[in-house]
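Chain by chain, the residues run as shown.
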Amino acid sequence: MNECEKLRNDLKAYVDGQLNPVSRIAVRLHLNQCASCRKEIEEMHQLGKQMRADDALEMTEALRARILAAVPTTAPAAPRLPKWRRRPVLVWGATAAAALTWFALYPTLNTYEPKRKAAVQSAMRTTEMLGYFQDYDEGATANMPLRTMRGTLAGKDTRAPGENAIVHIARNSISDTAGQETTRWAYPRTIDINGNANATKSSPSTKYHVTQARTAVGGKMIAEGQREDRLYKTPSENLVSEGASNLTQKIRPAHLLNQRSAVDNVTFSAPIASPEDSLPTERQVHREASLTVEVANAEQQSEGVERLVKESKGYVAQNQLTTGDDNTRSASLTCKVPVDQFETVMNQIARLGALKAKSLTGEDITEKVSDEQETGHVLRSDIAITEEKLKERRSRVQTLRDEETLRQLRIRVAQSQARLKILNRLGALAEITVELDEKPKAAVAPKPVSPFMEEISGTGQAAAHSFLMALRLPLQLLVCIVVYAPIWAIIVIAYRRFTR
Amino acid sequence: MQQNEMQMVHRIRKGERKAFAEFLDAYGTRVHRLVRRYVTNPTDAEDVTQEIFCDLYRSIGQFRGDSALHTWVYRLAVNHCLRHCQRSRTDSVPLEEQEIEARDWRSDPQQAAAKGELSDQVQTALEGLAPHHADVVMLCELHGLTYRECAKVLDIPVGTVKSRLSNAIRRLRVSLTSYVLGDSSEETAPAPQEARR
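In order, the protein sequences belong to chains A and B. The first sequence begins at 10 in our numbering and counts up one residue at a time. The second sequence begins at 46 in our numbering and counts up one residue at a time.
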């Protein structure tokens, strides 16, 4: 497309003065070069002029009078504005009120969302349970994580202490003893469950571990042990989580009421102990302190600290004596003292000199200790179960497997005991870190200097500095000459030879 | 928009006859000329002009001042003209009657003096154009509306106005060469006009 074609539509607009500045310049530049476009523009101009000149028609007086007579004598209708413009306050006010009302009533009106969430959760629970039962059918080891089973029941336990808790699991629903249906789930009808389980409490929080159970599928006992126990664990655990913190250390999921055809009632029985049973009697706190004391003689006082610690039946784990640049010495000691002597020893150390810094920390390890104890109990129960299995089993493969399980359990028990021992020691012994610093010796006063000498010295220094600064440039030049000698020397030699 | 135009509108809204007479004087000729381009029959043209001004009077309350007053007037006038053209196409008049009316119009000595042969040729050439081209030529070329105003009146983009006008003028050049451009070769090349209004 040539330039004329590109600017074809712009020519008329150029004549009419309707182009933007950039396009106008472009057209003008093109017109300087293109005679045909110039001619076209001339013709357009002439045509427009003639056409406008031709149109000389005027409205006649008769027509004017006729129009004036035809127009109604009344004033024209007032402009019809939309409602929101006519009454803006009313309309906007009503809109705002409606919006506010909606937001205020939204939580009440919107019941759909919680229902939907409940449905989703129910579906998820169902999936988990089905997966769990499928594991049984396949005879695989059920490694259902405990946390996925948690929260599947929401029954409230309102029993008095000492009563048995009974949770019925029907085919499609679970209800507590009050008959209140709590949730629904589906699982294969061909599974019959029978078993016993002992649950022990692991910590004051709410966790229960079922340690013993037996399960039968289709009326036939298929397995027993931990993996079956977890089946019972979920209801009990969730019962607990709903506010029965006074639940007991033992849960006895009882028995299957009916056989395969009638199906699927499992009763859990859980005697409740008094709340005090489940609460810890004493808190175990590991304490640490850090002291910084300024003393006259660090060595002597560090010995004093050692003596104090020994008297309190503790021991010094570390004692370090260092001497600084100014001949001041400092001692750093790490002491372990019995918890009941902690405050006494700390106060006595603080009195050895001037206390400069002190910090105290404490860590509650009661729960850790409790967890470790319960872990040990559970593992020992498992060991007992496995040992019983070893006595009953006849298959060599099963025997080997149980022996391996037993070995692993014993290792875990030993580890748990070691951890418990460390925790107990931590709780029994407190740690005190002591820093003993000697007072700094008085510094030697400098010899007085006369102002005249001081001035002379300053002047001399300034003069030397300025001299060196002045010398810097020639020195740099000299260095450059020396460094570039290989180049300029060759040039000089060549020049001399050439000019010779 | 000019202040006095808005004042005039307010006065008309109040029902002031004098203000409407001023309005009629300001736009009467322009509107009538426009109508005459669409409606060849002078009697019909006068009727349509009267209709337009009655409608303008009735609906002047709806004029919000968002655009220029003459743009609004032209828009309403063009709509009336187009409706009239549509009506007249459906209620077709016998050919003989049209010719008689046309002859009557041309045989009027006063009108004939005002209009020469060139006028007839321009009208004929305009009638030969496609309707959308003729609209643009009438508004921009004969009534001096800017491209933007024309775009508003016809409810089309400004670029479309530009291209339609360019094409229409080319066609008119072809059809009116002998009448308009025949004796104007001595005219010099024009400088671009100042933007209209």
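Errors might be hidden in some of the hints.
[What the hints assert, rightly or not] In silico contact screen, one side only, chain B against chain A (beta carbon under 8 Å); selected entries:
id, residue
1, 74
2, 167
3, 192
4, 208
Hint data in this document are derived by calculation from the structure and do not stem from the laboratory. Quantities reported herein were computed from a predicted structural model and do not represent experimental measurements. Positions of the beta carbon are idealized from the N, C-alpha and C atoms, including for glycine.
To see whether the hints hold, each was checked on the structure:
1. 74: holds, 5 Å
2. 167: With a closest approach of 6 Å, the residue 167/B hint holds.
3. 192: holds, 5 Å
4. 208: With Cβ-Cβ at 5 Å, under 8 Å, it holds.
Of the hints listed earlier, there is not a single one the structure fails to meet.
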